[in-house]
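J.: Below are the chains, spelled out letter by letter.
Protein chains: 2
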Amino acid sequence: MNASYRIDGMTCQGCARSVTKAIQAVSPTTEVAVDLEAGVVAITGPADGDQVKRAVEDAGFDFVGPA
Amino acid sequence: MNASYRIDGMTCQGCARSVTKAIQAVSPTTEVAVDLEAGVVAITGPADGDQVKRAVEDAGFDFVGPA
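So the protein lines, in turn, are chains A and B.
With the first letter of the first sequence counted as 1, position 55 gets the number 55 in the UniProt record's numbering; the numbers rise by one all the way through.
With the first letter of the second sequence counted as 1, position 43 gets the number 43 in the UniProt record's numbering; the numbers rise by one all the way through.
Some clues are possibly wrong.
[As the list claims (entries may be wrong)] Lysine-lysine pairs mimicking DSS-like chemistry, simulated, CA-CA at most 27 Å apart: (1) Lys21(B) with Lys53(A); (2) Lys21(A) with Lys53(A); (3) Lys21(B) with Lys53(B); (4) Lys21(A) with Lys53(B); (5) Lys21(B) with Lys21(A); (6) Lys53(A) with Lys53(B).
FYI, nobody ran anything at the bench for these hints, they're computed from the structure.
Take the sequences, apply the hints, and build the full model.
T.: Here's what the structure looks like:
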């Protein structure tokens with residue numbers, strides 16, 4: 001599954017890494033590409049939207065929705 | 001329980017919030033104070049060291065140990 005989500009609150013590479021790890025903690029085989037400038041995370045793999053939303057929010061970022 | 005831990009990789013307030021939320025996701029009543037400059041997180045509440053370590057690592061930061 002490929003999907004892109006708008007995520008607010010990522011301001012540096014540490015934030016980008018944090019979002020990536022949080023998603024991979026719930027879905028280890030999912031690939032995550034963060035566009036920090038755009039505030040968009042592109043997902044390739046089995047993680048579904050609800051898993052991504054929960055992981056992102058638990059990591060302290062704002063899950064806005066599909067990008 | 002009060003404890004302080006050295007955590008590497010936090011570079012901005014987004015990172016600090018991420019670490020705080022990650023710890024509170026596993027232990028909601030734990031208070032977390034981040035000293036970004038020092039790379040130290042002070043914990044007040046029931047979260048134990050193993051929980052903190054796992055939450056911090058799942059969030060993409062490096063848990064170094066007691067500060």
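J.: Next, verify each hint and record whether it holds.
T.: Consistency of the hints with the structure:
| no. | hint | result |
| --- | --- | --- |
| 1 | Lys21(B) with Lys53(A) | 14 Å, holds |
| 2 | Lys21(A) with Lys53(A) | 13 Å, holds |
| 3 | Lys21(B) with Lys53(B) | 13 Å, holds |
| 4 | Lys21(A) with Lys53(B) | 14 Å, holds |
| 5 | Lys21(B) with Lys21(A) | 14 Å, holds |
| 6 | Lys53(A) with Lys53(B) | 22 Å, holds |
When held up to the earlier numbered hints, the structure conflicts with none and fits them all.
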